[in-house]
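There are 2 protein chains.
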Amino acid sequence: MRVSTLFARTLRNDPAEAEVAAHRLLLRAAFIRKTAAGIYTTMPLGLRTTAKIERVVREEMDAAGSQELRMPIVLPAEPWRATGRYDAYGDLMFRLQDRHGREFVLGPTQEEVVAELAQHELPSYRDLPSNVYQVEWKYRDEFRPRYGLLRGREFLMKDAYSLDRDEVGMRESYQAMYDAYVKVFDRLGLDYVIVEGDPGQIGGGVNHEFMALADVGEDLFVRCENGDYLADTEAATPRPPDAAPDEEPPPLTEVDTPGAVTIELMSEQMGLPAEATMKCILFDVEGRSVAVLVPGDREVNEEKLARLHFPARVRPFEDDDFTERGFAKGFVGPQGLGSNVTIFADPAIRGRAHWATGANRPDVHVTGATFDRDFRVDRWQDLVQFREGDRCPVDGGRLEIARSIVVGHIYQLGTYYSAPLQATFQDEDGSQKPFVMGSYGIGITRIMSAAVEQNHDDAGIRWPKLLAPFEVAIIMANADASAVTDHAERIYRELTDRGIEVVLDDREERAGVKFADADLVGYPVQVVVGARGIEAGTVDLKVRSTGHRSQAPLAEAAETAVDLLTTAP
Amino acid sequence: MRVSTLFARTLRNDPAEAEVAAHRLLLRAAFIRKTAAGIYTTMPLGLRTTAKIERVVREEMDAAGSQELRMPIVLPAEPWRATGRYDAYGDLMFRLQDRHGREFVLGPTQEEVVAELAQHELPSYRDLPSNVYQVEWKYRDEFRPRYGLLRGREFLMKDAYSLDRDEVGMRESYQAMYDAYVKVFDRLGLDYVIVEGDPGQIGGGVNHEFMALADVGEDLFVRCENGDYLADTEAATPRPPDAAPDEEPPPLTEVDTPGAVTIELMSEQMGLPAEATMKCILFDVEGRSVAVLVPGDREVNEEKLARLHFPARVRPFEDDDFTERGFAKGFVGPQGLGSNVTIFADPAIRGRAHWATGANRPDVHVTGATFDRDFRVDRWQDLVQFREGDRCPVDGGRLEIARSIVVGHIYQLGTYYSAPLQATFQDEDGSQKPFVMGSYGIGITRIMSAAVEQNHDDAGIRWPKLLAPFEVAIIMANADASAVTDHAERIYRELTDRGIEVVLDDREERAGVKFADADLVGYPVQVVVGARGIEAGTVDLKVRSTGHRSQAPLAEAAETAVDLLTTAP
Numbered sequence: 001m002r003v004s005t006l007f008a009r010t011l012r013n014d015p016a017e018a019e020v021a022a023h024r025l026l027l028r029a030a031f032i033r034k035t036a037a038g039i040y041t042t043m044p045l046g047l048r049t050t051a052k053i054e055r056v057v058r059e060e061m062d063a064a065g066s067q068e069l070r071m072p073i074v075l076p077a078e079p080w081r082a083t084g085r086y087d088a089y090g091d092l093m094f095r096l097q098d099r100h101g102r103e104f105v106l107g108p109t110q111e112e113v114v115a116e117l118a119q120h121e122l123p124s125y126r127d128l129p130s131n132v133y134q135v136e137w138k139y140r141d142e143f144r145p146r147y148g149l150l151r152g153r154e155f156l157m158k159d160a161y162s163l164d165r166d167e168v169g170m171r172e173s174y175q176a177m178y179d180a181y182v183k184v185f186d187r188l189g190l191d192y193v194i195v196e197g198d199p200g201q202i203g204g205g206v207n208h209e210f211m212a213l214a215d216v217g218e219d220l221f222v223r224c225e226n227g228d229y230l231a232d233t234e235a236a237t238p239r240p241p242d243a244a245p246d247e248e249p250p251p252l253t254e255v256d257t258p259g260a261v262t263i264e265l266m267s268e269q270m271g272l273p274a275e276a277t278m279k280c281i282l283f284d285v286e287g288r289s290v291a292v293l294v295p296g297d298r299e300v301n302e303e304k305l306a307r308l309h310f311p312a313r314v315r316p317f318e319d320d321d322f323t324e325r326g327f328a329k330g331f332v333g334p335q336g337l338g339s340n341v342t343i344f345a346d347p348a349i350r351g352r353a354h355w356a357t358g359a360n361r362p363d364v365h366v367t368g369a370t371f372d373r374d375f376r377v378d379r380w381q382d383l384v385q386f387r388e389g390d391r392c393p394v395d396g397g398r399l400e401i402a403r404s405i406v407v408g409h410i411y412q413l414g415t416y417y418s419a420p421l422q423a424t425f426q427d428e429d430g431s432q433k434p435f436v437m438g439s440y441g442i443g444i445t446r447i448m449s450a451a452v453e454q455n456h457d458d459a460g461i462r463w464p465k466l467l468a469p470f471e472v473a474i475i476m477a478n479a480d481a482s483a484v485t486d487h488a489e490r491i492y493r494e495l496t497d498r499g500i501e502v503v504l505d506d507r508e509e510r511a512g513v514k515f516a517d518a519d520l521v522g523y524p525v526q527v528v529v530g531a532r533g534i535e536a537g538t539v540d541l542k543v544r545s546t547g548h549r550s551q552a553p554l555a556e557a558a559e560t561a562v563d564l565l566t567t568a569p
Numbered sequence: 001m002r003v004s005t006l007f008a009r010t011l012r013n014d015p016a017e018a019e020v021a022a023h024r025l026l027l028r029a030a031f032i033r034k035t036a037a038g039i040y041t042t043m044p045l046g047l048r049t050t051a052k053i054e055r056v057v058r059e060e061m062d063a064a065g066s067q068e069l070r071m072p073i074v075l076p077a078e079p080w081r082a083t084g085r086y087d088a089y090g091d092l093m094f095r096l097q098d099r100h101g102r103e104f105v106l107g108p109t110q111e112e113v114v115a116e117l118a119q120h121e122l123p124s125y126r127d128l129p130s131n132v133y134q135v136e137w138k139y140r141d142e143f144r145p146r147y148g149l150l151r152g153r154e155f156l157m158k159d160a161y162s163l164d165r166d167e168v169g170m171r172e173s174y175q176a177m178y179d180a181y182v183k184v185f186d187r188l189g190l191d192y193v194i195v196e197g198d199p200g201q202i203g204g205g206v207n208h209e210f211m212a213l214a215d216v217g218e219d220l221f222v223r224c225e226n227g228d229y230l231a232d233t234e235a236a237t238p239r240p241p242d243a244a245p246d247e248e249p250p251p252l253t254e255v256d257t258p259g260a261v262t263i264e265l266m267s268e269q270m271g272l273p274a275e276a277t278m279k280c281i282l283f284d285v286e287g288r289s290v291a292v293l294v295p296g297d298r299e300v301n302e303e304k305l306a307r308l309h310f311p312a313r314v315r316p317f318e319d320d321d322f323t324e325r326g327f328a329k330g331f332v333g334p335q336g337l338g339s340n341v342t343i344f345a346d347p348a349i350r351g352r353a354h355w356a357t358g359a360n361r362p363d364v365h366v367t368g369a370t371f372d373r374d375f376r377v378d379r380w381q382d383l384v385q386f387r388e389g390d391r392c393p394v395d396g397g398r399l400e401i402a403r404s405i406v407v408g409h410i411y412q413l414g415t416y417y418s419a420p421l422q423a424t425f426q427d428e429d430g431s432q433k434p435f436v437m438g439s440y441g442i443g444i445t446r447i448m449s450a451a452v453e454q455n456h457d458d459a460g461i462r463w464p465k466l467l468a469p470f471e472v473a474i475i476m477a478n479a480d481a482s483a484v485t486d487h488a489e490r491i492y493r494e495l496t497d498r499g500i501e502v503v504l505d506d507r508e509e510r511a512g513v514k515f516a517d518a519d520l521v522g523y524p525v526q527v528v529v530g531a532r533g534i535e536a537g538t539v540d541l542k543v544r545s546t547g548h549r550s551q552a553p554l555a556e557a558a559e560t561a562v563d564l565l566t567t568a569p
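Sequence lines, in order, name chains A and B.
Each residue of the first sequence is one higher than the one before, starting from 1 at the first, in this note's numbering.
Each residue of the second sequence is one higher than the one before, starting from 1 at the first, in this note's numbering.
Next comes chain A alone, as it looks inside the complex:
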């Protein structure tokens, strides 16, 4: 490919709207162009790179026994209503009507389509397990699209779906996909971690996120400073404080605390640090009262509490609940709570011998509240929200929050979609059973962005050779010298004949512009053919990722470029 005809005009200046490197450099280097907010044209360079990502993904999916098909983008709304996702997605879903007024959506993912397809194509347990995938554009009407392809409204995904007879089969299918994903992301050379995800929406099951590390990533996770623990921020279970040493606790003593309905007011009036106080938070679980005990300086992880009780619905007490059930709002403590209240306590409550907490009378608190002597716990359960600085459950190291771009996400879905859609197969005993499903996503356009975030410098992108749109750039430093043209054309032919993907920068531009563009686009190896070099019988070579520069005899230019490419990252 000659750069003079390449449909790729690089931009000198940073586009104003681009906040992160992946967005800025993919625009400047002409990999993408904005068509509308969050909607991009993939330019020829971008298409070559995404095609390379797709190829790796397809190879590993095929090797894992998944079969490629292609589902429509415009989908009837009915199945999405049946599973509840039509409403759950809300404004995030693009919706439209056809000329007859029938309702459609633009697919954000395709569980509903696969479940209905399986219902017809896989009638018997003998047809299971099965696994299908597609590589297709997906749609989410983001309120505020940004970061280019990272939070776009149109994005390219590989989505796969496994269909099994039972949970055991689903877990095997899930593991096969997990292993395939490791191969994909290893091959793509991404710096990534695998984090067991929070089940997210209630009813969700086991899931893992494949997170490419990136300072600008919006997807947070928790890791130990020593590298031996990773977790979703919602699912992180820090090591609780060491149990307090045995000591004789002080007696339970009431203290007047007029109006001290918050931890802040209470610790101020009592002259105690917040971490010496104990919150006793009340929830309603379908009519039953549940108390959760956590240290005063911590918050309750309500999502986790809700999942513990699923499918029962959990909500915090409202004013009426306190009145009707006889609790003193702002002054509740666990002492003396009857068996009609289930008491959960976070293990951190074992970290102190005694606590200041509510006295269950307005305007009064107690000090010296001691587990077992003054209050009972029905269930010890990790329920504090994670906080930076918490201790690692493995080695006690400091836990910190890190940023990433989620490039893959796999889910054990069970019958969450197949049951409401009545997508069933006939089992060996003749009964109809819903498929037990898994779903598996890889963000193709996200990977391109993540790779740029992980591989760039001030001058531009430093593509790993596997993802580069072209492997070698030949730069004619003096386009008007016929000796330069002759040698550059010869090297171009020699490299092309060897099956290398080459661009030849034959533009009538200054050498400096060509060097800057080659660095910006990020070709892994650059070969510079100039008049001075030809006089000396040499070409200059540069490896983009390392910045390593070398020279080679004119006749060995192609061979040297191939050698450099072989050893380049």
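Quick caveat, the hints were computed from the structure, so don't treat them as lab data.
Any given hint might turn out to be false.
What the hints assert, rightly or not - In silico EDC-like links for lysine to aspartate or glutamate, alpha-carbon gap of 20 Å or less:
#1 B/LYS34 to A/GLU136
#2 A/LYS52 to B/GLU59
#3 A/LYS52 to B/ASP62
#4 B/LYS52 to A/GLU68
#5 B/LYS138 to A/GLU103
#6 A/LYS34 to B/GLU121
#7 A/LYS52 to B/GLU136
#8 B/LYS34 to A/GLU78
#9 B/LYS138 to A/GLU275
#10 A/LYS34 to B/GLU136
#11 A/LYS52 to B/GLU68
#12 A/LYS52 to B/GLU54
#13 B/LYS52 to A/GLU59
#14 B/LYS138 to B/GLU78
#15 B/LYS34 to A/GLU121
#16 A/LYS34 to B/GLU103
#17 B/LYS52 to A/GLU54
#18 B/LYS52 to A/ASP62
#19 A/LYS138 to B/GLU103
This one's a predicted model, so the numbers in the text were calculated from it and none came from an experiment.
Based on the hints, put chain B in the right spot on chain A.
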């Protein structure tokens, strides 16, 4: 691939909704599945075949210097309003709003996007010519989708766009695409013709349709029985009748024809055949009157008349026009029409020495109306609508209407899109000029359907080897015999090792079911491994397209299959 795990359940019976072979067989053989009216899931077999079509298309587009990119499907409505296509498409266009109420369309084609892209990417005449293409799904909200992929609402197209500095450049770009299309359709093995299309919507330019012959096709064209003439039905220009021999015409004579306002009534009352009468049809061209003379048994091709006058608007006379301009509706003849009326005549008017026509007075006609003596003609112009049985302009042979499926369509657009969108480049003289464009479509999913229409029999599809989802099927006629399994597996390995795409039918089904499925899906070569054959030391082979059957020694099965595949169509 083992058929036992292939995601492709064949259907025993013809689906009720399928009217044509391409639809029926692609459903039965599990190449496609309906998701909604006119919207299909491409199943694994269908995906393999479309991928093969895409590969041929990409190779020829790349070889012709076009560069692949990918444009969004969800497109802002504004540019479509600017070119007038937002309204012109009407209900055919899927429309939607995003969460902020902004209007979008689902792209039916992408001239607007390319013009706007070029405006930024190709600022100078030095950047021209340029040519880009994509392979992407397109959308048309057909009122009555039918014939499966033939008239679907979601369909896969390759669309390309050329951008040139001037008309000369555009025509060169157009010719390069024309040549590339010939290579594509030749390689795909389609039986097709190339027909210069009617410019269609007024203002359109030169265009050609690549039409795959198919009895069920909805796209009609005209061809000579001797094979030396092809034309669009709208653009066909039949040879006019031979000029009438010189003879002394009878005098112009008035005949009372009360109420004879139609050719039928007039010829009945006058006792003359319709072909001896002459119609004189009046049109308004922005205030001016135009008369068109055609034989009484022919119709005026109004589209052609409109194009002759473009951009002036042409409409047939209404009642008020007759009254206000003093014409006797139903009794108009060309005799004595003043210079304020422009008289067009079809060359067929030369086919008779004299005509019966209107006398320009109510309830009166004339006989003996003779060109030059009784009426003038301002312009001779082919203006009759084509009719089956007309004579070929090349050799006078009989013209007939044939049916086809349009699989490619190329257009010279000129500045039709770039001008209203103000998509310009700076020319050498510093002036801003609109790009001179061409656009070039190939229907990928249509090609799959057309190939089935051209290659099938009662038993199923007979894929040409280039388009078959797999090249060879190995059928285990007795799945329970271990010798059969051993040999079949060995042949499967041998063929796979040779790079052949093979399926192994290892299902626990009767041999008859497997034979029927292999014929239905249409694998080009079948290898049957059965217990009786093994005893005799042989396998049976069949070439699907020819029905040719043969045997080969067990050890030579793979080699023989490869030989048969090599010579198969």
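Here is what the structure says about each hint:
1. The straight-line distance between the Cα atoms of B/LYS34 and A/GLU136 is roughly 18 Å, inside the 20 Å bound, and the hint therefore holds.
2. With a C-alpha separation of about 17 Å, the suggested pair A/LYS52 and B/GLU59 falls inside the 20 Å cut-off, and the hint holds.
3. Of the pairs offered as hints, the one joining A/LYS52 and B/ASP62 holds, with about 17 Å between alpha carbons and a cut-off of 20 Å not exceeded.
4. The straight-line distance between the Cα atoms of B/LYS52 and A/GLU68 is roughly 14 Å, inside the 20 Å bound, and the hint therefore holds.
5. Pair hint B/LYS138 plus A/GLU103 holds up; C-alpha atoms about 19 Å apart against a cutoff of 20 Å.
6. Between A/LYS34 and B/GLU121, the direct Cα distance comes to roughly 12 Å. Compliance with the 20 Å bound is thereby established for this hinted pair.
7. Distance hint between A/LYS52 and B/GLU136 is fulfilled; the C-alpha atoms sit about 18 Å from each other, no more than 20 Å.
8. For the hint pairing B/LYS34 with A/GLU78, the CA-to-CA distance comes to about 15 Å; that is within 20 Å, so the pair holds.
9. Taking the CA atoms of B/LYS138 and A/GLU275, the gap is near 61 Å; set against the 20 Å cutoff, the hint is violated.
10. A hinted pair counts as satisfied when its Cα atoms are at most 20 Å apart, and A/LYS34 with B/GLU136 qualifies at roughly 18 Å.
11. About 14 Å separates the Cα atoms of A/LYS52 and B/GLU68, which keeps this hinted pair within 20 Å; it holds.
12. Restraint check for A/LYS52 and B/GLU54: satisfied, since their Cα atoms lie roughly 17 Å apart, inside the 20 Å limit.
13. The straight-line distance between the Cα atoms of B/LYS52 and A/GLU59 is roughly 17 Å, inside the 20 Å bound, and the hint therefore holds.
14. For the given pair, B/LYS138 sits about 18 Å from B/GLU78 by alpha-carbon distance, which is consistent with the 20 Å threshold.
15. With a C-alpha separation of about 12 Å, the suggested pairing of B/LYS34 with A/GLU121 holds against the 20 Å cut-off.
16. With a CA separation close to 17 Å, the supplied pair A/LYS34 and B/GLU103 stays within the 20 Å bound.
17. Of the pairs offered as hints, the one joining B/LYS52 and A/GLU54 holds, with about 17 Å between alpha carbons and a cut-off of 20 Å not exceeded.
18. The straight-line distance between the Cα atoms of B/LYS52 and A/ASP62 is roughly 17 Å, inside the 20 Å bound, and the hint therefore holds.
19. About 19 Å separates the Cα atoms of A/LYS138 and B/GLU103, which keeps this hinted pair within 20 Å; it holds.
When the structure is compared with the earlier hints, a violation turns up for hint 9 alone.
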